[in-house]
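Chains as they are written, first to last, in our numbering: chain A, -10 to 549; chain B, 14 to 361; chain C, -14 to 343.
Mixed in with the good hints there might be a few duds.
What the hints assert, rightly or not - Below, a sample of chain A positions facing chain B; criterion: calculated Cβ distance under 7 Å:
| # | residue |
| --- | --- |
| 1 | Arg165 |
| 2 | Glu167 |
| 3 | Ala168 |
| 4 | Ala170 |
| 5 | Gly173 |
| 6 | Gln178 |
| 7 | Gly313 |
To be verified - Heads up, simulated EDC-like pairs for lysine to aspartate or glutamate below, C-alpha to C-alpha not over 16 Å straight-line:
| # | chain 1 | residue 1 | chain 2 | residue 2 |
| --- | --- | --- | --- | --- |
| 8 | C | Lys72 | A | Asp405 |
| 9 | C | Lys265 | C | Asp93 |
| 10 | C | Lys240 | A | Glu514 |
| 11 | C | Lys309 | C | Asp331 |
| 12 | B | Lys74 | B | Asp38 |
| 13 | C | Lys328 | A | Glu497 |
| 14 | C | Lys39 | A | Glu497 |
Please keep in mind that the hints were generated in silico from the structure rather than gathered at the bench.
Note that the structure is predicted; figures quoted are calculated from it, not measured.
Just so you know, even glycine gets a beta-carbon here, dropped at the ideal spot from N, CA and C.
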Amino acid sequence: MSRPRERRTNRPTRWWSGAGLAAMAALPVLVLGVFFVLPVAGMVGRGFFSSGSLDVGGVLEVLGRPRVHRVVWFTVWSSTAATALTVGLGLPVTYVLHRLRFPGRRLLRGFVLMPFVMPTVVVGVAFRTLLTPTGLLGGLHLDGTPVAIIAAMVFFNLAVVVRTVGALWEGVDRRREEAAAALGASPVQVLRTVTLPALLPGIVAAAGIVFLFCATSFGIVLTLGGLRYSTVETEIYLLTTQFLDLRAASALSVLQLVVVALLLYVAQRTGSGDPQVLDRTAERESSRRPRRGDASAVLVTAVVLLFLAAPLGTLVLRSLHRGGGWTLANYRALTTRGEGGALLVPVSQALDNSWRVAVDATLLAMVLGILVAAVVSARPGGRLGRRALAVLDGVFMLPLGVSAVTLGFGFLITLDRPPLDLRSSAYLVPIAQALVALPLVVRTLAPVLRSVDPRQRQAAASLGASPVRVALTVDLPALWRPLLAATGFAFAVSLGEFGATSFLARPERPTLPVEIYQLVSRPGEQNVGMALAASVVLGVLTAGVMVLVERLRTPPVGRW
Amino acid sequence: MLEVRNATVAFEGASAPAVDHVDLDLPAGDVLAVLGPSGSGKSTLLRAVAGLEPLATGSVKYDGRDLARVPTHRRGFALMFQDGQLFPHHSVAGNVGYALRLRHAPSAVVARRVGELLALVGLPGFGDRSITGLSGGERQRVALARALAVEPRLLLLDEPLSALDRGMRERLAHDLRDILVAAGTTALLVTHDQEEAFAVADRMALMRAGRVVQAGTVEEVWRAPADAEAARFLGYATVLVGPAASLLLAAGGGRGRSGGPADGRDAVALRRSALRVAAGGPLRGRVLASRPTPGAARLTVVVDGVGEVHAVAEPGTVPPAVGEEVHLVVDLTRTAPLREDGADGRTS
Amino acid sequence: MSTSLRRAALAAATASIAMVSACAVGGGAGSDATSAARAKTVVVATHDSWAMSKSVLKQFTARTGYSVRVQPNGDVGQLTNKLVLTKGSPIADMTYGIDNTFASRAVDEGVLATYRPGRQAASATAYRLHDPAEAAALTPVDYGDVCVNADDVWFRKHHLAPPRTLDDLLRPAYKNLFVTPGAATSSPGLAFLLATIARYGDGWPAYWQKLMANGTKLTSGWSDAYDVDFTAGGGHGDRPLVLSYASSPPFTIPKGGDRPTTSSLLQTCFRQVEYAGVLKGAADPAGAKAFIDFMTQKAFQRELPDNMYVYPVDDRVALPTLWKKYAQTAAHPFTVPPATIAKNRDRWLRQWGDITSR
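With these hints in hand, go ahead and build the complete structure from the sequences.
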């Protein structure tokens, strides 16, 4: 059905003038430029100029290798499958946890987030403990198969879907669905014709993020694939850290960037082509008690929760076990430096470090995220302006799509001389983590901001409200819940981040995941036990933060 | 024919049920307005009829069939909300034809029917427009067309006009009435606005604190409000109780509650124009305030033995000044006797 | 109204908490910087397995006035490559942990300055690198043997004699019993590959084909193999043969017991020697030299077994009792000259990758 584009109400809201937008974008762009573009460009440049002059032929040679083709193909199909599964399973869970009201809902929401921050190396151990022939699920013969890899990807990323889509779903007025039901739409038809279209921007955003996380995960692939499967990310890792083949690594990094850019472009086309204005009766409690019709969603959710609980349960059980008996010794040992002084500082101190870093990183991610979200959700009049914003929107997603190895080494070789002698700065860790969290923050906030009816802003402005007041009175009320969701999310990302942090953390200030990794790679039953106990602490802490953040939400106003 | 019997809807944690043992009848082809202040439970009642809220007690029947086990989408009703709840990802035609497409109607049929419906609601040629470009009134018309598309056996309207400005509301109210009558639609309308109810409905039920306090034809309810609060809610400007009421009834030559002469135990509701300034009228008072309007001037008068009441000056005459002594006549056709006393005495 | 007030209060509270705790990191960094300026510090780039008791490091500080700042940088491969990439702008004053499998790359890339401590134990000479340029830049500190370990309890229970040699691993009796970390992702894994190359020469690919055909399982890292798949590890896996270290058995002495339940197969060992060296362009070469000297002295050498599970190059230092009993090293370990490794590593690893991945 063709229809003329109705731009009457989608015109630029006056208060984001072009110059204002540019000013708001300046800080995030600067941070991204110094802490992402510069290091990655430095690293890629090394590879391209390895023989002293630009070596395009060499790079093309790398891309022509059959092994590279195999690796790219495996990356694309495994990530696509994992993304589809994550979204498919994530939506019913999101529905149950964000649209239905039942006791313990908050705890479950926190629980769903736990896997997201679990250190890969520990989850790898937990998954494999389940999957080895002697394990609980050994009969499935999944150890060392792509199925195990994809299952782990789903395990880690489910939280992304639940959080990103959940924030949007809560804001969708249930009455629109009720109107459809009253017009004769069956529950499935309501879902297909009303709910999903309203959630589409959030789903696409979440799917994009999940895909990037899957495509750049390397611990899972190496651990669960039994070294038989390689992704672009593991290949870059091996080429850089083992072979020192920077040319090949750079070629793959560029390939990664191109694929990510392509993906973002496609996502942009499908997701946010026509921003939806949601009729937001914000104060209305949009969740209700479960009914008979929710049975299938509840069933899927129960299965998914079991799937999440199995590896986590394995972790908890193993953390409570030592020397053939049940004990809390592994937890008590968290105040020590481990068996044989495996650690530079006790785990408890690393926890303290993690906490501080997370606060800084969250703060930074939120400031940058709000700025970026505000800028990219503006609706400039010109075609050029819209293009520019679309590009900007994508650029801030890139940190998720680039190998942590490339970024980490890039930091080392580019930020080593004045004025940017930051290599050993303690600020690098929160900054890097903020860059990883930023896309999640933007992706949580931007769909909501886009969905605010611009006429509300115009109305407020016409009543004499200054731009700041418009933001406070129109945007903030709509954003309140997503803001909390994004804050908690950024915090979780920071607490769980390992890839970049392991490169940048100063040894005397390790974060918890870094120490868990160190513990796991040392001999001694106590060290492994401590690693497991520390992972449980990390997970519980994160879940706790999430539950607390949930509590900050305004209580629903009584129904009338 | 819709029959609601003994219906109760209770929300978790609420001190009283939102809908409290309600009975309601709606003959086919009629339009019933449930009128009540916000918080009276009227919207909840509507949602219960639609199958969106489970009943704690009682039943909802249509044409004799109990709907308890019939989910919303199988009831053959249509629901229209105050703010339309149009689907923003569809055009106007996409919205109107939504229910037809659900039933897999051929696209030619959908297109024809959409055209008819848009013409019916006064928006011919709007089919290709985007929802975001419509005014509030246009949106409600689209929502109405969408609801009518499947010829629902019962149309449920939740404050369909409340979000609109006054002029639009009045115009659309009359259009709504005409459209419903033209289509022969049975409709249940929920509103807090008595004008809307009068303009659209054949029958009326007054709701308060979850209960239906009065039901009947619009005429019946209007003629004899159940009590002072009902009268006030129906738009009566003043309610008088006791001797003041009796005095006023007597001045108008009316009868008291007992059927005999007014005896000091009466209650009466007055419209603004129930008292009119006229030389030699039986009541006497002093003007407190006077405001000209396009029709008659509106006065506030302190009447001896009655107190402060509203009155109008005769159209075409010079309205009396503030402080002036005036005589008033009572127009009994603009008063309504109350069946019960208002507990809180007189008010304006 | 009250809800919006509540929100405002919450927002204010959240913001102020954030403010208070913000710059927590920055504050710490500042104080560190000043203390670094006051005292002389030697920065050591090393691998993640670094561990040393604080008292020994204090001893060094007391003796020289230098405090030690340790900078772990992943495994040996990552460490070496980081040093190569930051050549000319080194991230530390010296490095410890480059082993004979990566020594040539570090030296060839010109990352290291020449330095050799004045006096080192006579036994240390045996661990020196043969290439003169390499020997001039890298000082041996410790060594360890990477060997196949067997779960003796399991073998007793199954009335099977454990294997003894690399050849034995190909026997059908040991089908599906062996797990090893991969050579591309793990330094012990690489050591095992080198052991097979030392043993079979150009015939190693054939050996590996048979090894894989005999059901060998690969994991990405040592901990994965030992903690998940090994029958005597924490995960109670299903494989009684695992690639680990000669020093691993003492860790399997059960609570209350006095003997390990595992042993290493000393005819399967590859010897790794770890070196220390001064980085070219170091900010404080004098401090680096002082710490390398210290590392070769008894006070430090004595602590190596308990902290890093490696053997001191100074044989005058007594090993822990349990080590003497249960963690013997191989009499004739496999070795490959570092220069040969440097020349062929990438080719070998690619070949190995082709054989082991399907």
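Against the structure, the hints come out as follows:
1. For A:Arg165, the interface hint holds, since its Cβ comes within 7 Å of a Cβ in chain B; the closest pair sits about 4 Å apart.
2. Look at A:Glu167: its Cβ gets to within about 5 Å of chain B, closer than 7 Å, so that hint holds up.
3. With its C-beta approaching chain B no nearer than about 4 Å, A:Ala168 sits inside the 7 Å limit, and its interface hint holds.
4. Contact between A:Ala170 and chain B, as hinted, is supported at the beta carbon level, the nearest pair being about 4 Å apart and thus within 7 Å.
5. Interface restraint check: A:Gly173 against chain B, minimum CB-CB distance 5 Å, threshold 7 Å, status holds.
6. Annotation: A:Gln178 was flagged as interfacial toward chain B, and the flag holds, the nearest CB pair being 6 Å apart, inside 7 Å.
7. Of the supplied interface hints, the one on A:Gly313 is violated, with its beta-carbon coming no nearer than about 49 Å to a beta-carbon of chain B, more than 7 Å.
8. Of the pairs offered as hints, the one joining C:Lys72 and A:Asp405 holds, with about 11 Å between alpha carbons and a cut-off of 16 Å not exceeded.
9. Straight-line distance between C-alpha atoms of C:Lys265 and C:Asp93 comes to about 13 Å, which keeps the hinted pair within the 16 Å bound.
10. Annotation: proposed proximity of C:Lys240 to A:Glu514 holds, straight-line Cα distance about 11 Å (limit 16 Å).
11. Of the pairs offered as hints, the one joining C:Lys309 and C:Asp331 is violated, with about 37 Å between alpha carbons and a cut-off of 16 Å exceeded.
12. A hinted pair counts as satisfied when its Cα atoms are at most 16 Å apart, and B:Lys74 with B:Asp38 qualifies at roughly 10 Å.
13. About 36 Å separates the Cα atoms of C:Lys328 and A:Glu497, which puts this hinted pair outside 16 Å; it is violated.
14. Taking the CA atoms of C:Lys39 and A:Glu497, the gap is near 13 Å; set against the 16 Å cutoff, the hint holds.
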